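Chemist: Sequence:
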Amino acid sequence: MKASIFNSSKKFRIPGKQEAVLVIGLLLISAMFVGCEKKNDTPDFSPNFTYSQVDENHIRFSNTSDGEYYSLIWNFGNGTADTTTDRNKSYVIYYPVSGNFNVSLKIVNYYGESKSSNKSVAINNSDLVISFTMEPDPSHPNYITLTNTSQGNYDSLVWNYRNEEIKDVLEHIAYFPYAGDYDISLTLFTNNKGYSATETISIAQDDPELPTGLVWAEEFDYTGLPDIDNWTIETGGNGWGNQELQYYTDSENNLYVDNGVLTITAREESVGGRDYTSGRIKTENKFDFQYGRIEARIKMPYGQGMWAAFWMLGANNSTVGWPECGEIDIVEMVGGTNNDNTCHSTLHWDNAGENAQYGQSYSLTSGILADDFHVYSVEWTEQKITAFIDGTQYFEIDITPAELSEFHNNFFIILNLAVGGTWPGSPDNSTVFPQSMEVDYVRVYQLEE
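According to my numbering, the sequence shown is numbered sequentially starting from 12.
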């Protein structure tokens, strides 16, 4: 008779909790040792590179790293960088100015671990010599003529001073209204990399012609849409009484403040049944004034169909309407061939229910208004209104006659960039979009008696 397993003399025991815990612990320890063994088996790698001189300003770099790794991240110390998986890729890097440049190579393995090698590369020759002169105007020492005297080849240049940025002009007149020490830098760009030189100029005294009695100012020293405490953004595409073609929006694409400048941008895009968008702001019901000096520093747009304006309407516009409220066009720029260098100042008033107007214009002797910022201003007294560009008077009108009574009331400020309309006409194939009107500041002064 066969023995039954149930009758076996061997005894079987079910493990208790302590034995189970011991088994699990042993398994975890075993796994830890296995993990450590795998990590210790990670192939080693070591970063390295060589460099050699091609000529006085060009250096060749080659990777000589050892071991197993996946990617290489180069930084050549002059703004040039590259990431690659090609171990055999070499580089010839241009260093146009002398100096010591810290070059680094980081290599990364398949586990995400990285190691770096750093070397200093000395360039003793300057292929690009950055220099400029600063000459005060003998009769107006707060105006400084900056002249680029750099040597070598470069693609573009930028002047920087007092938070101003002036691009691609070899000679520029900088204005420093207040006494003090100011840094002026000139940056030359080649192959999308910039190289700078900085000088300091001392201004001995405040400009004696600087207006006193500042009563209101917008310096645009913030970021975003125009400050609602100062401005109302106007929107719509109703033609604005001039058959204009744009739709004014409240979008940052058309109105944006950054780096101390308000940029009003006209774009070719369809919104609200119009083919163009732009921006328009006003101080109505937030600030208005009677008599004084008002000025703004503006870089104008250019091109057929552009119509930029810095102007004022009578504060009673909402009750009496136009032209009875009066209009003071501090400056208007109407773009197009032979027009991009010209600005206009005009007054409008009511004459027996009809619009009456008087204006004058000023044209630059070289360049166009879009090349640089200019200061546009009006001085307004009980007797007359006078307009200026960069301190040069080009318009004056006597406002003492009774029929010009509109100009003895309060006025509010408007900034806008229109597209098309009765004066400029429509854009054409020569018009480049987008176009921008850049405003550095707007200031209002009380004139001394």
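Hints may contain errors.
Said to hold, decoys possible - No farther apart than 25 Å at their CA atoms in a straight line, the calculated lysine-lysine pairs in the DSS-like style are these:
#	residue 1	residue 2
1	K178	K395
2	K126	K100
3	K178	K204
4	K100	K117
5	K178	K117
6	K178	K100
7	K204	K100
8	K130	K178
9	K117	K130
These are computed hints drawn from the structure, not numbers from a lab.
On a predicted model such as this, the values are computed, not experimentally measured, just so you know.
Chemist: A separate judgement is required for each hint: does it hold in the structure or not?
Modeler: The hints, checked one at a time:
Of the supplied pair hints, the one linking K178 and K395 is violated, its CA atoms being roughly 37 Å apart against a limit of 25 Å. This hinted pair checks out: K126 and K100 have alpha carbons roughly 19 Å apart, not beyond 25 Å. For the hint linking K178 to K204, the alpha-carbon distance of about 15 Å falls within 25 Å, and the restraint holds. About 14 Å separates the Cα atoms of K100 and K117, which keeps this hinted pair within 25 Å; it holds.
Distance restraint check for K178 and K117: the Cα-Cα separation of roughly 36 Å exceeds the 25 Å cut-off, and the hinted pair is therefore not satisfied. Proposed proximity of K178 and K100 is contradicted: the alpha carbons are some 36 Å apart, above 25 Å. A threshold of 25 Å between alpha carbons decides the hint, and for K204 with K100 the separation of about 22 Å falls inside it, so the pair holds. For the given pair, K130 sits about 35 Å from K178 by alpha-carbon distance, which is inconsistent with the 25 Å threshold.
Using a Cα cut-off of 25 Å, the hinted pair K117 and K130 holds, with the two alpha carbons roughly 12 Å apart.
The structure fails to meet hints 1, 5, 6 and 8 from the earlier list, while all remaining hints are met.
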